[in-house]
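Listed below, chain by chain, are the residues.
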Amino acid sequence: MTQEIHGTVADGFETVREEFATFVARERPDYEGQLCAYVHGRKVVDLWAGDGADGGSLYGVFSSTKGAAHLVAALLVQDGTLELDRKVTYYWPEFGAEGKNGLTLRDLIAHRAGLIGLDAGFTAQELTDDRAVAERLADQRPFWRPGTAFGYHALVIGALTGEVVRRATGRTLQEVYEERVRAPYGLDFFLGLPESLEIRYRSVQPMAPTAQQQAVLDAAPSGPHTLASIAFNEHVPNPGSLADYANSRAVRAKGPASAGGVAAARGLAGMYAAAISEMDGRPPLLKPDTVAEVGQIHSVGYDLVARAHKSFGLGFQATADMWHPFLGAGAFGHSGAGGSQAFADPRSGLAYGYTRRRMAFPGGAAPENDRLARAAHTAALAMG
Amino acid sequence: MTQEIHGTVADGFETVREEFATFVARERPDYEGQLCAYVHGRKVVDLWAGDGADGGSLYGVFSSTKGAAHLVAALLVQDGTLELDRKVTYYWPEFGAEGKNGLTLRDLIAHRAGLIGLDAGFTAQELTDDRAVAERLADQRPFWRPGTAFGYHALVIGALTGEVVRRATGRTLQEVYEERVRAPYGLDFFLGLPESLEIRYRSVQPMAPTAQQQAVLDAAPSGPHTLASIAFNEHVPNPGSLADYANSRAVRAKGPASAGGVAAARGLAGMYAAAISEMDGRPPLLKPDTVAEVGQIHSVGYDLVARAHKSFGLGFQATADMWHPFLGAGAFGHSGAGGSQAFADPRSGLAYGYTRRRMAFPGGAAPENDRLARAAHTAALAMG
Amino acid sequence: MTQEIHGTVADGFETVREEFATFVARERPDYEGQLCAYVHGRKVVDLWAGDGADGGSLYGVFSSTKGAAHLVAALLVQDGTLELDRKVTYYWPEFGAEGKNGLTLRDLIAHRAGLIGLDAGFTAQELTDDRAVAERLADQRPFWRPGTAFGYHALVIGALTGEVVRRATGRTLQEVYEERVRAPYGLDFFLGLPESLEIRYRSVQPMAPTAQQQAVLDAAPSGPHTLASIAFNEHVPNPGSLADYANSRAVRAKGPASAGGVAAARGLAGMYAAAISEMDGRPPLLKPDTVAEVGQIHSVGYDLVARAHKSFGLGFQATADMWHPFLGAGAFGHSGAGGSQAFADPRSGLAYGYTRRRMAFPGGAAPENDRLARAAHTAALAMG
Chain A
122 MTQEIHGTVA
132 DGFETVREEF
142 ATFVARERPD
152 YEGQLCAYVH
162 GRKVVDLWAG
172 DGADGGSLYG
182 VFSSTKGAAH
192 LVAALLVQDG
202 TLELDRKVTY
212 YWPEFGAEGK
222 NGLTLRDLIA
232 HRAGLIGLDA
242 GFTAQELTDD
252 RAVAERLADQ
262 RPFWRPGTAF
272 GYHALVIGAL
282 TGEVVRRATG
292 RTLQEVYEER
302 VRAPYGLDFF
312 LGLPESLEIR
322 YRSVQPMAPT
332 AQQQAVLDAA
342 PSGPHTLASI
352 AFNEHVPNPG
362 SLADYANSRA
372 VRAKGPASAG
382 GVAAARGLAG
392 MYAAAISEMD
402 GRPPLLKPDT
412 VAEVGQIHSV
422 GYDLVARAHK
432 SFGLGFQATA
442 DMWHPFLGAG
452 AFGHSGAGGS
462 QAFADPRSGL
472 AYGYTRRRMA
482 FPGGAAPEND
492 RLARAAHTAA
502 LAMG
Chain B
122 MTQEIHGTVA
132 DGFETVREEF
142 ATFVARERPD
152 YEGQLCAYVH
162 GRKVVDLWAG
172 DGADGGSLYG
182 VFSSTKGAAH
192 LVAALLVQDG
202 TLELDRKVTY
212 YWPEFGAEGK
222 NGLTLRDLIA
232 HRAGLIGLDA
242 GFTAQELTDD
252 RAVAERLADQ
262 RPFWRPGTAF
272 GYHALVIGAL
282 TGEVVRRATG
292 RTLQEVYEER
302 VRAPYGLDFF
312 LGLPESLEIR
322 YRSVQPMAPT
332 AQQQAVLDAA
342 PSGPHTLASI
352 AFNEHVPNPG
362 SLADYANSRA
372 VRAKGPASAG
382 GVAAARGLAG
392 MYAAAISEMD
402 GRPPLLKPDT
412 VAEVGQIHSV
422 GYDLVARAHK
432 SFGLGFQATA
442 DMWHPFLGAG
452 AFGHSGAGGS
462 QAFADPRSGL
472 AYGYTRRRMA
482 FPGGAAPEND
492 RLARAAHTAA
502 LAMG
Chain C
122 MTQEIHGTVA
132 DGFETVREEF
142 ATFVARERPD
152 YEGQLCAYVH
162 GRKVVDLWAG
172 DGADGGSLYG
182 VFSSTKGAAH
192 LVAALLVQDG
202 TLELDRKVTY
212 YWPEFGAEGK
222 NGLTLRDLIA
232 HRAGLIGLDA
242 GFTAQELTDD
252 RAVAERLADQ
262 RPFWRPGTAF
272 GYHALVIGAL
282 TGEVVRRATG
292 RTLQEVYEER
302 VRAPYGLDFF
312 LGLPESLEIR
322 YRSVQPMAPT
332 AQQQAVLDAA
342 PSGPHTLASI
352 AFNEHVPNPG
362 SLADYANSRA
372 VRAKGPASAG
382 GVAAARGLAG
392 MYAAAISEMD
402 GRPPLLKPDT
412 VAEVGQIHSV
422 GYDLVARAHK
432 SFGLGFQATA
442 DMWHPFLGAG
452 AFGHSGAGGS
462 QAFADPRSGL
472 AYGYTRRRMA
482 FPGGAAPEND
492 RLARAAHTAA
502 LAMG
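Residue numbers (the numbering used here), protein chains in the order written: chain A, 122 to 505; chain B, 122 to 505; chain C, 122 to 505.
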């Protein structure tokens, strides 16, 4: 039995609905997910499946959280509160240990610090607490020579950025996000989910790979002390699963800025729409110069953690190079381990958000984003 | 009916003729192209097909033009007129806008500036005029963080280099080229084709892909605002085709230094022969140190515009790494969108030029260059 | 008839023996090789085949030699005798010629200098003598722009490092190695094989590719003046083969630090065990900070000589990224053209050494190392 597709699309976005329906029809019967898009600040896609009649659920969005974290960084750079070419130690003196003295904020945010985890690993408790993560990382030797390479700081980039925010402003990144981004727009994208909204949270479901997919996963190189293991803190005794992480109330309550966010697709897309477009009578959060700077490619090529080609702007993925080659230069966003993805494409005015409940094979942005984002982009361009 | 192969080869270069004949026999019956090679300044290959009995036609050579442009740059570096490690702003103060203040001439010429095009695009008129292109680019923010990556400045590198030449010498790059390179050797390789020679110009024919090739072209990622689109100025309303560009008299008249050159294979090969070899009683244009420096690899790896592995020296392609792995270290040259290619291989003394009328699939140097250049190189080595 | 597997494994390492036996059974009947491993300084694997009853032979290990050379460098850095961020010219003023003035010792050791060989090539005599190699390279222009790329300095990195050692200490790298590393542990890993031990040397046998393998080798791009040819000194008249190099007494006598070493697997593994573990009542040769620094990835991505992805620490290969993705971050070692490989994996305490007599297809570490090293690593982890 095919799942019903709920929600609406604006005129001209019918193909997005069709792509979503085609995809859902091929998924497992218990599929649950949401798709939302804005163009120039106007909502043009608001679809969901398997999420009841109102589409009001919230999902763990893992690394899509990093988009919210680095929108905060972008705002503070825009304000002049943070200066990208200052050394990190200007804000955070303890950071200079173990040869990290010369590193700039720009390098740090662009995944160049080599500070992807701890030799000794983090406790589960520490991973709920950005400040504890940052404190421990200050003493860590980088895992590669700073300046020679980059790699995905999967579980810690938000804590590192957050500590700089805290030192510079006296407030947590989460507080700044809530005040300057989430609350003004009423976004369903939380870094710290209030207890009262827990009822809307739908727990992450583990990946359900086919036999063939499982074989691919099993064949992937792995080891308990690889850079990837350290980056995902899998080198500790009894590491928790990613699903367990998102499904922990302690995580959701604090909203760690690397991967602890909770959102609906509307919130994801809404945040990126607010970043680049006039919305709700407010000017865009980011000025054109800031948009250009955060989307400017800063790290591109072989990612030492992912062992594959990746592209980053300032804390954001360079979505056009890394995921969707049809997007315009300067598109910026982030995907999440569960399958979620969100981005802004400033040249078309498109803001896109997608979330799903069950973790998608093979990890990272779910493959369905390719066709969904392309359809949305094509329709956005046709709007002119 | 197989096309006749015209022209001559020196003793020992019979295999080059055979390769050319084999290739032409498989091409469309209307194939038209020329192949020329020198070794240590002596012409050893002079072949053509479909170009009448004398082989005197001139073709649009697109980016092979960049070789002429950067031979001028090399000469001025050799003179001491240009210094590679000076900042571009030393020569061209207005260039420093939008975070480009620190960029050196070396970085600029090595496709590292990130200044591949304009957010707003160029008019067709501007693209005929290197000075207009340069003036507009001075105000453009780079498309990636300077120093972190490189990408092919397809339509603009010649204008950027040219503006530095103009500021440093008071003359256009085209004037310097004509005076110091083209005229002394009587080369059929023009940056600015005199009206009187128009009769020899054979208009570029558009690519004629097979159905299978068309499918490959259609499947390639594309979008109207990608880095590649911007680099090829395809993000403007009604962008012209590359063929139309070369076929415009306005372009040919001015000879924009990125892609507006017109040449015969004899001119292409002759220019590279003059660069590295004694010829016509003249010493090589470039001294060994200059040859080594322009061919030294400056940018290598993932090209953000091409989204593929590329290798550049100082304005020239590092032909051995980028195209022909059998060539010697330090081989330098350039290919063009129509299918043309030209290079010097200093370690064997080979200078090579190829041009064809119809644009070749899939774009860039035509595939036939692989076997033609290999045959020429093997024969050159055997000459000793 | 299947070859007999000699030697012993500790409890828990039976799978290593099984993997070795499985491999040997599929090899040519004249296969001859050795496998040895330590965990936390205790020998746990000591196997051989085709090497008589005692396994006492010594083999040419080619570039595995570089591991010994750079253990010396690591010790001198640890002592403070060498400082990685000093310019090479601080130790070796003549090195500054031809634009190499700004290069640091760190860059030099990390294969970033672009000084892979000589335009004119080395004589066979010079290649036996690190000091002669270094002297000639001092005058060579780099083959790429220093700082923009890296490439494997196959035949010369040991001479370059060695010259810095000699200038800083007044003694040859080989002397320091003998005194501080080889002799104290009685290691069967020689940089300079005494005449009296020649009786134990088994000459390198040339590769014996199958027809299919030969086709692969023939199809590989090659030319007499490529970067790879220059790096392997194949651009001179009558270049000797690698096998001939190792089989020359003149080479073995001097033990050039790039590729002239002679070893048994016990010596290879023993050296890496001594580097990271307490052994024979002695503390580890390298302190944890030094271990972390030499294994820290310094050069990663496209190797201009190999024309493939490679990863280097400080003179060592970054074995986890370059060869065995299951190893821990910071694993460091080196492989050799004959098929040998040796490394330390500090996070599991594993030290590994393998050598074989006949050169393995396709060159570099022999493919059998993949399964052998994985089995040893898995067993080492299980030891806890």
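No lab work stands behind these hints, which were simulated from the structure alone.
Ideal Cβ positions, reconstructed from N, Cα and C, are used throughout, including at glycine.
It cannot be assumed that every hint is accurate.
[To be verified] Derived, one-sided and incomplete: chain A residues facing chain C with beta-carbon distance under 8 angstroms:
| # | residue |
| --- | --- |
| 1 | R147 |
| 2 | R262 |
| 3 | W265 |
| 4 | L338 |
| 5 | H346 |
| 6 | S362 |
| 7 | R370 |
| 8 | G422 |
Outcome of the hint check:
1. R147: Violated: closest Cβ of chain C sits about 33 angstroms from A:R147, beyond 8 angstroms.
2. R262: A:R262 check passes; min Cβ-Cβ to chain C is 5 angstroms, inside 8 angstroms.
3. W265: Given a least distance of 4 angstroms, the restraint on A:W265 holds.
4. L338: For A:L338, the interface hint is violated, since the closest Cβ of chain C sits about 15 angstroms away, which is over 8 angstroms.
5. H346: Since chain C brings a Cβ to about 3 angstroms from A:H346, closer than 8 angstroms, the hint holds.
6. S362: violated (21 angstroms)
7. R370: violated (32 angstroms)
8. G422: Nearest chain C Cβ about 6 angstroms off; hint holds.
Consistency with the previously given hints fails for numbers 1, 4, 6 and 7, ordered from lowest to highest.
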